[in-house]
Amino acid sequence: MPLWLLTLIALTYSEAFKDHLANPRNAGELANANAVGEETNPVCGDRLRLYLQVKAGRIEAARFLAYGCPPTLVCGSILTELIKGRSVEEATRLTRKDLLAALGGLPSRKQHAAALAIETLRAAIASV
Amino acid sequence: MPLWLLTLIALTYSEAFKDHLANPRNAGELANANAVGEETNPVCGDRLRLYLQVKAGRIEAARFLAYGCPPTLVCGSILTELIKGRSVEEATRLTRKDLLAALGGLPSRKQHAAALAIETLRAAIASV
Amino acid sequence: MNDSRKVYLDHSATTPVDPRVVAAMLPYFTQKFGNASSVHFFGQEARAAVDRARREVAALIGARANEIVFLSGGTEANNLAIRGVCEAASGHSRHLITSTIEHSSVRGICEGLGKSGWEITRLPAYEEGVVQAEDVRAALRPNTVLISVMLANNEIGTIQPIEEIAALVREERARGRRQLWFHTDAVQAAGRIPLHVDTLGCDLLSLSAHKLYAPKGAGALFVRRGVRLVSQNVGGHQEREKRAGTEGVPGIVAFGAAAKLAREEMAERSQHDQRLRDRFEAGVTERIGNVVFNGDRGRRLPHLSNISFRFIEGEGLLISLDLQGIAVSTGSACSSGTLEPSPVIRALGRNDELARGAIRFSFGKDNTEQDVEYVLEVLPRVVEKLRALSPLNREEMGRRDLEAIGQN
Amino acid sequence: MNDSRKVYLDHSATTPVDPRVVAAMLPYFTQKFGNASSVHFFGQEARAAVDRARREVAALIGARANEIVFLSGGTEANNLAIRGVCEAASGHSRHLITSTIEHSSVRGICEGLGKSGWEITRLPAYEEGVVQAEDVRAALRPNTVLISVMLANNEIGTIQPIEEIAALVREERARGRRQLWFHTDAVQAAGRIPLHVDTLGCDLLSLSAHKLYAPKGAGALFVRRGVRLVSQNVGGHQEREKRAGTEGVPGIVAFGAAAKLAREEMAERSQHDQRLRDRFEAGVTERIGNVVFNGDRGRRLPHLSNISFRFIEGEGLLISLDLQGIAVSTGSACSSGTLEPSPVIRALGRNDELARGAIRFSFGKDNTEQDVEYVLEVLPRVVEKLRALSPLNREEMGRRDLEAIGQN
Ligand SMILES: Cc1ncc(COP(=O)(O)O)c(C=O)c1O
Ligand SMILES: Cc1ncc(COP(=O)(O)O)c(C=O)c1O
Numbered sequence: 000m001p002l003w004l005l006t007l008i009a010l011t012y013s014e015a016f017k018d019h020l021a022n023p024r025n026a027g028e029l030a031n032a033n034a035v036g037e038e039t040n041p042v043c044g045d046r047l048r049l050y051l052q053v054k055a056g057r058i059e060a061a062r063f064l065a066y067g068c069p070p071t072l073v074c075g076s077i078l079t080e081l082i083k084g085r086s087v088e089e090a091t092r093l094t095r096k097d098l099l100a101a102l103g104g105l106p107s108r109k110q111h112a113a114a115l116a117i118e119t120l121r122a123a124i125a126s127v
Numbered sequence: 000m001p002l003w004l005l006t007l008i009a010l011t012y013s014e015a016f017k018d019h020l021a022n023p024r025n026a027g028e029l030a031n032a033n034a035v036g037e038e039t040n041p042v043c044g045d046r047l048r049l050y051l052q053v054k055a056g057r058i059e060a061a062r063f064l065a066y067g068c069p070p071t072l073v074c075g076s077i078l079t080e081l082i083k084g085r086s087v088e089e090a091t092r093l094t095r096k097d098l099l100a101a102l103g104g105l106p107s108r109k110q111h112a113a114a115l116a117i118e119t120l121r122a123a124i125a126s127v
Numbered sequence: 044m045n046d047s048r049k050v051y052l053d054h055s056a057t058t059p060v061d062p063r064v065v066a067a068m069l070p071y072f073t074q075k076f077g078n079a080s081s082v083h084f085f086g087q088e089a090r091a092a093v094d095r096a097r098r099e100v101a102a103l104i105g106a107r108a109n110e111i112v113f114l115s116g117g118t119e120a121n122n123l124a125i126r127g128v129c130e131a132a133s134g135h136s137r138h139l140i141t142s143t144i145e146h147s148s149v150r151g152i153c154e155g156l157g158k159s160g161w162e163i164t165r166l167p168a169y170e171e172g173v174v175q176a177e178d179v180r181a182a183l184r185p186n187t188v189l190i191s192v193m194l195a196n197n198e199i200g201t202i203q204p205i206e207e208i209a210a211l212v213r214e215e216r217a218r219g220r221r222q223l224w225f226h227t228d229a230v231q232a233a234g235r236i237p238l239h240v241d242t243l244g245c246d247l248l249s250l251s252a253h254k255l256y257a258p259k260g261a262g263a264l265f266v267r268r269g270v271r272l273v274s275q276n277v278g279g280h281q282e283r284e285k286r287a288g289t290e291g292v293p294g295i296v297a298f299g300a301a302a303k304l305a306r307e308e309m310a311e312r313s314q315h316d317q318r319l320r321d322r323f324e325a326g327v328t329e330r331i332g333n334v335v336f337n338g339d340r341g342r343r344l345p346h347l348s349n350i351s352f353r354f355i356e357g358e359g360l361l362i363s364l365d366l367q368g369i370a371v372s373t374g375s376a377c378s379s380g381t382l383e384p385s386p387v388i389r390a391l392g393r394n395d396e397l398a399r400g401a402i403r404f405s406f407g408k409d410n411t412e413q414d415v416e417y418v419l420e421v422l423p424r425v426v427e428k429l430r431a432l433s434p435l436n437r438e439e440m441g442r443r444d445l446e447a448i449g450q451n
Numbered sequence: 044m045n046d047s048r049k050v051y052l053d054h055s056a057t058t059p060v061d062p063r064v065v066a067a068m069l070p071y072f073t074q075k076f077g078n079a080s081s082v083h084f085f086g087q088e089a090r091a092a093v094d095r096a097r098r099e100v101a102a103l104i105g106a107r108a109n110e111i112v113f114l115s116g117g118t119e120a121n122n123l124a125i126r127g128v129c130e131a132a133s134g135h136s137r138h139l140i141t142s143t144i145e146h147s148s149v150r151g152i153c154e155g156l157g158k159s160g161w162e163i164t165r166l167p168a169y170e171e172g173v174v175q176a177e178d179v180r181a182a183l184r185p186n187t188v189l190i191s192v193m194l195a196n197n198e199i200g201t202i203q204p205i206e207e208i209a210a211l212v213r214e215e216r217a218r219g220r221r222q223l224w225f226h227t228d229a230v231q232a233a234g235r236i237p238l239h240v241d242t243l244g245c246d247l248l249s250l251s252a253h254k255l256y257a258p259k260g261a262g263a264l265f266v267r268r269g270v271r272l273v274s275q276n277v278g279g280h281q282e283r284e285k286r287a288g289t290e291g292v293p294g295i296v297a298f299g300a301a302a303k304l305a306r307e308e309m310a311e312r313s314q315h316d317q318r319l320r321d322r323f324e325a326g327v328t329e330r331i332g333n334v335v336f337n338g339d340r341g342r343r344l345p346h347l348s349n350i351s352f353r354f355i356e357g358e359g360l361l362i363s364l365d366l367q368g369i370a371v372s373t374g375s376a377c378s379s380g381t382l383e384p385s386p387v388i389r390a391l392g393r394n395d396e397l398a399r400g401a402i403r404f405s406f407g408k409d410n411t412e413q414d415v416e417y418v419l420e421v422l423p424r425v426v427e428k429l430r431a432l433s434p435l436n437r438e439e440m441g442r443r444d445l446e447a448i449g450q451n
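Chains as they are written, first to last, in my numbering: chain A, 0 to 127; chain B, 0 to 127; chain C, 44 to 451; chain D, 44 to 451.
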């Protein structure tokens with residue numbers, strides 16, 4: 000991607016986005032996790048790992064690790080916020096769109112980050 | 000000649016030069032001329048005509064007409080000033096350099112104007 | 044030199060920058076100085092400013108912002124348009140149509156292409172300085188890639204029949220022809236007459252900032268979506284891959300601000316220029332004999348007047364006027380040879396004497412009635428003085444006398 | 044975004060214009076606004092200013108004024124140098140030598156030439172980011188036309204052995220070889236280290252105004268007398284036929300003023316930049332683990348530091364710093380791909396992770412000790428926060444633990 004496009008993209012990052020980047024929620028490993036998912040974006044090498052602690056069909060705790068461009072980090076952070084306290088069933092219904100809405104949108108060239116996050120969520124849930 | 004060169008040239012026109020251009024001396028025909036010379040520069044089409052009134056080997060009056068770029072007009076004007084009142088013999092010894100000195104120099108690309116003036120002077124003297 | 048009074052009548056060569064334009068640009072030197080390709084705040088600020096300017100320049104000509112490529116000036120715009128399109132097509136076709144009265148930049152570019160094997164057809168402009176669309180039709184060949192005809196001439200101001208030529212191009216396309224493009228050099232026209240790329244129907248259009256009260260060193264090319272061209276300055280992704288190199292942000296911002304003002308004030312400005320120009324021409328007609336107006340006077344830019352003064356030569360007149368503080372030009376300020384008669388005036392069929400004696404007076408928004416009065420006072424005196432020197436003058440008189448005798 | 048504090052550490056991307064430079068340029072917008080090709084007073088004023096600027100730019104690099112061609116920027120300078128020389132020679136020879144760490148503009152130009160049939164040799168820069176003159180010797184062929192090796196790299200600041208390469212070229216010439224030219228891109232070096240074209244021994248040298256506290260949109264190419272090149276922007280006689288188009292007088296005047304200041308203040312500025320840079324690097328070493336400094340630290344521009352932060356990725360670090368008001372860059376600000384790892388850092392043999400995690404900090408004359416302190420306070424926190432997110436971090440730790448276990 001040309002740098003000028005990066006600039007254009009950076010121009011469109013929302014306040015919510017910047018807040019999550021500056022203060023990621025639920026970062027790190029989860030010691031007592033009973034579900035883990037990890038996915039890698041083959042295009043840019045970005046990687047997201049999600050730890051869940053699921054009790055009685057409810058996500059009691061969620062944490063994440065991420066490597067890659069800011070949208071990937073931010074999607075990890077927002078995702079954990081969105082699923083914490085929800086039932087696994089609810090979490091399964093979560094879509095890319097929900098994630099995008101929560102972080103105030105992403106430029107089209109960065110939307111794959113949201114897709115990666117949803118895939119990782121699905122993988123984690125599948126591992127329960 | 001590129002216009003920027005013209006600008007360079009215009010930059011170097013002396014005060015004497017500008018004065019002669021603004022106030023040409025001895026312009027016009029000379030009714031009682033007994034010698035006339037006319038030369039044309041084949042490169043740029045510039046033309047100089049010199050009228051002399053010669054009496055007893057002395058140039059009593061001189062007038063000129065000129066068409067062409069400013070150095071040609073100015074050389075005509077200065078030339079008449081230089082030869083008026085001189086003996087024909089003195090006038091014959093006049094060189095391009097004398098003319099250039101009198102008008103404060105000319106850029107090399109315009110020096111042909113001085114050459115044209117001297118040629119015209121010689122032609123006029125020859126016609127006596 | 045008369046230092047007390049300066050009258051600048053060379054707005055077709057370049058214009059002073061509007062103080063409002065300077066004000067708009069100023070923050071982009073020292074505060075908002077980012078590189079528009081930088082990702083951080085400073086870069087975003089610059090990028091946003093460049094894009095605002097792009098919208099303003101687009102609005103001036105009715106284009107979309109993403110059809111505007113920022114460049115260093117009108118000459119570069121013409122290079123990118125003509126060489127860019129021709130290089131993109133050079134595999135299959137190598138013929139281009141242009142005119143005999145183009146700006147020296149277009150002339151030079153076409154000469155270069157001619158040397159590298161392109162066939163160039165140069166259309167006549169006739170005595171009026173106006174190209175005929177029918178001549179374009181006649182010149183079209185199966186391998187014609189590009190038609191490049193200027194919108195308005197820079198020496199005599201004549202406005203060319205761009206819409207008619209565009210209609211021809213559309214006809215050709217309707218017949219299934221592809222790879223025929225139409226470029227127009229609007230450097231002189233922009234900001235002086237209303238322009239709309241869809242009405243004009245051109246595919247490429249050149250602009251230069253310094254002709255509309257913005258600084259020298261900025262220009263733009265309108266490239267209609269779908270037109271393929273080969274980038275000329277390469278090695279960077281700026282300007283959608285069409286022109287590499289760090290964007291000249293302050294110049295671009297200034298260009299945008301000037302384009303906005305030009306759009307808003309065009310009617311007013313052109314009325315003002317035309318009023319002064321017409322007053323000037325009336326005065327010249329009244330006070331100076333043996334003058335010839337060059338270019339169709341009914342089909343001209345409003346700010347420009349080109350007059351040949353018989354018996355005398357342009358450079359002397361120009362410098363004599365300069366000594367009185369009056370700035371005008373002979374031939375195109377950017378033209379090449381000049382001790383040679385102006386090729387544009389020659390193209391009108393004028394003889395060498397008239398071509399050498401042609402002077403361009405071009406008015407601008409800061410000129411006043413007093414400026415015109417001053418020029419009308421100085422010019423006749425200067426012309427008279429130079430004519431008093433001229434042998435041509437006498438010969439003409441002599442000839443007339445003879446003719447008069449002959450008639451009796 | 045933290046609006047209270049802004050620290051600009053991206054002076055290699057572009058610099059703020061020095062207020063003294065703005066002051067020098069300002070009259071050329073509204074008062075001395077003439078076209079440098081115009082014959083009258085306004086034109087002469089502009090022409091004189093352009094020539095003064097030409098002498099100043101020449102003085103900065105020890106050249107003669109008539110060896111300086113003014114252009115729109117460093118990218119155009121590289122285009123004119125490389126394409127200009129190659130096109131002039133393309134009749135007989137088609138091989139050129141360059142390096143793997145050139146600026147994206149040189150890379151792009153060479154790629155283009157490669158596509159049109161030129162053979163390109165790209166010399167390695169090894170782990171230190173420095174090209175070896177011996178490699179140039181080995182790469183020379185009978186049909187080599189041009190060697191283009193940058194003076195100092197824009198991402199890591201390493202200074203290349205230009206004088207040694209020039210000595211090789213001289214050797215070849217002494218053996219009777221002709222038509223072998225040597226170009227160096229000095230865009231980053233100019234104003235930061237002393238340059239003299241005769242000491243350097245190059246035939247062509249590129250400069251860009253906006254890297255030395257002048258505005259974007261101006262540049263220059265030094266063309267040693269006797270070097271033949273084909274003009275790229277054609278259609279006008281400006282710049283001694285080497286670059287057509289109305290000169291951007293204000294930008295050129297500014298460039299001249301900035302070149303003068305750069306010459307006068309170079310020692311002071313580079314000491315200042317280096318003091319801050321060294322303080323910064325010491326602080327980073329002290330406070331942040333797992334960093335790799337890129338480029339030979341003993342042979343670098345004084346103002347630049349390039350550091351790979353392990354386990355994290357450049358864009359995230361860059362934007363996180365930006366949110367704290369700190370402007371830095373990843374890769375070259377004018378570089379092309381960027382989600383791809385920086386080609387320059389890759390050329391040093393670094394793996395993808397290190398290349399993606401490379402950040403350039405480039406200091407300038409207006410930076411202060413406080414700026415450095417602020418960055419040294421923010422940077423460790425931000426790096427730590429991002430590393431806390433990184434799975435790579437854990438894996439590395441895990442691996443180390445395993446290794447530690449294995450060693451017992
Ligand atoms: C009709 C026309 N085209 C092109 C140009 C060249 O533009 P620039 O001066 O910006 O290079 C000019 C100006 O001289 C012009 O009048
Ligand atoms: C080494 C080098 N060469 C060339 C350039 C291009 O110069 P400009 O930005 O003026 O086009 C740059 C700047 O980005 C550079 O750092």
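Check each hint, because a few of them may be wrong.
Here are the simulated DSS-like pairs of lysine-lysine, each with C-alpha atoms no more than 27 angstroms apart in a straight line [unchecked claim]: (1) C:Lys285 x C:Lys303; (2) C:Lys303 x C:Lys428; (3) A:Lys17 x C:Lys75; (4) B:Lys17 x D:Lys158; (5) A:Lys54 x A:Lys17; (6) A:Lys83 x D:Lys428; (7) C:Lys49 x C:Lys285; (8) C:Lys75 x D:Lys285; (9) C:Lys158 x D:Lys158; (10) C:Lys428 x C:Lys75; (11) D:Lys158 x C:Lys75; (12) C:Lys428 x B:Lys83; (13) B:Lys17 x C:Lys75; (14) D:Lys49 x D:Lys285; (15) D:Lys408 x D:Lys303; (16) D:Lys285 x D:Lys303; (17) D:Lys428 x C:Lys285; (18) A:Lys83 x A:Lys96; (19) A:Lys17 x A:Lys96; (20) C:Lys285 x C:Lys158; (21) D:Lys428 x C:Lys49; (22) A:Lys17 x D:Lys408; (23) D:Lys408 x C:Lys285.
Away from chain D, derived, C-beta distances all over 10 angstroms, residues of chain C [to be verified]: (24) Lys49; (25) Glu119; (26) Val149.
Derived from the structure by calculation, the hints contain no laboratory data.
The C-beta atom is built at its ideal place from N, Cα and C for all residues, glycine as well.
Okay, the hints, checked on the actual structure:
1. C:Lys285 x C:Lys303: holds, 24 angstroms
2. C:Lys303 x C:Lys428: Not OK: C:Lys303 and C:Lys428 at ~45 angstroms, beyond 27 angstroms, violated.
3. A:Lys17 x C:Lys75: Between A:Lys17 and C:Lys75 the Cα gap is close to 22 angstroms, so the pair holds against 27 angstroms.
4. B:Lys17 x D:Lys158: Judged against 27 angstroms, a Cα distance of about 57 angstroms means the pair is violated.
5. A:Lys54 x A:Lys17: Distance of about 32 angstroms is beyond 27 angstroms: violated.
6. A:Lys83 x D:Lys428: Between A:Lys83 and D:Lys428 the Cα gap is close to 21 angstroms, so the pair holds against 27 angstroms.
7. C:Lys49 x C:Lys285: violated, 41 angstroms
8. C:Lys75 x D:Lys285: Between C:Lys75 and D:Lys285 the Cα gap is close to 33 angstroms, so the pair fails against 27 angstroms, i.e. violated.
9. C:Lys158 x D:Lys158: holds, 23 angstroms
10. C:Lys428 x C:Lys75: With Cα atoms ~54 angstroms apart, C:Lys428 and C:Lys75 exceed 27 angstroms; violated.
11. D:Lys158 x C:Lys75: violated, 39 angstroms
12. C:Lys428 x B:Lys83: holds, 21 angstroms
13. B:Lys17 x C:Lys75: Judged against 27 angstroms, a Cα distance of about 47 angstroms means the pair is violated.
14. D:Lys49 x D:Lys285: violated, 41 angstroms
15. D:Lys408 x D:Lys303: With Cα atoms ~15 angstroms apart, D:Lys408 and D:Lys303 stay inside 27 angstroms; holds.
16. D:Lys285 x D:Lys303: holds, 24 angstroms
17. D:Lys428 x C:Lys285: violated, 40 angstroms
18. A:Lys83 x A:Lys96: Holds, at about 18 angstroms.
19. A:Lys17 x A:Lys96: The given pair, whose Cα atoms are some 19 angstroms apart, holds under the 27 angstroms limit.
20. C:Lys285 x C:Lys158: holds, 25 angstroms
21. D:Lys428 x C:Lys49: violated, 65 angstroms
22. A:Lys17 x D:Lys408: Distance ~30 angstroms between A:Lys17 and D:Lys408 Cα, so the pair is violated.
23. D:Lys408 x C:Lys285: With Cα atoms ~34 angstroms apart, D:Lys408 and C:Lys285 exceed 27 angstroms; violated.
24. Lys49: At roughly 7 angstroms from the nearest Cβ of chain D, C:Lys49 sits no farther out than 10 angstroms, so the non-interface label is violated.
25. Glu119: violated, 5 angstroms
26. Val149: Contrary to the label, C:Val149 does not stay out of reach of chain D, its closest Cβ about 7 angstroms off (not over 10 angstroms).
The structure does not agree with the numbered hints 2, 4, 5, 7, 8, 10, 11, 13, 14, 17, 21, 22, 23, 24, 25, 26 stated previously, though it agrees with the rest.
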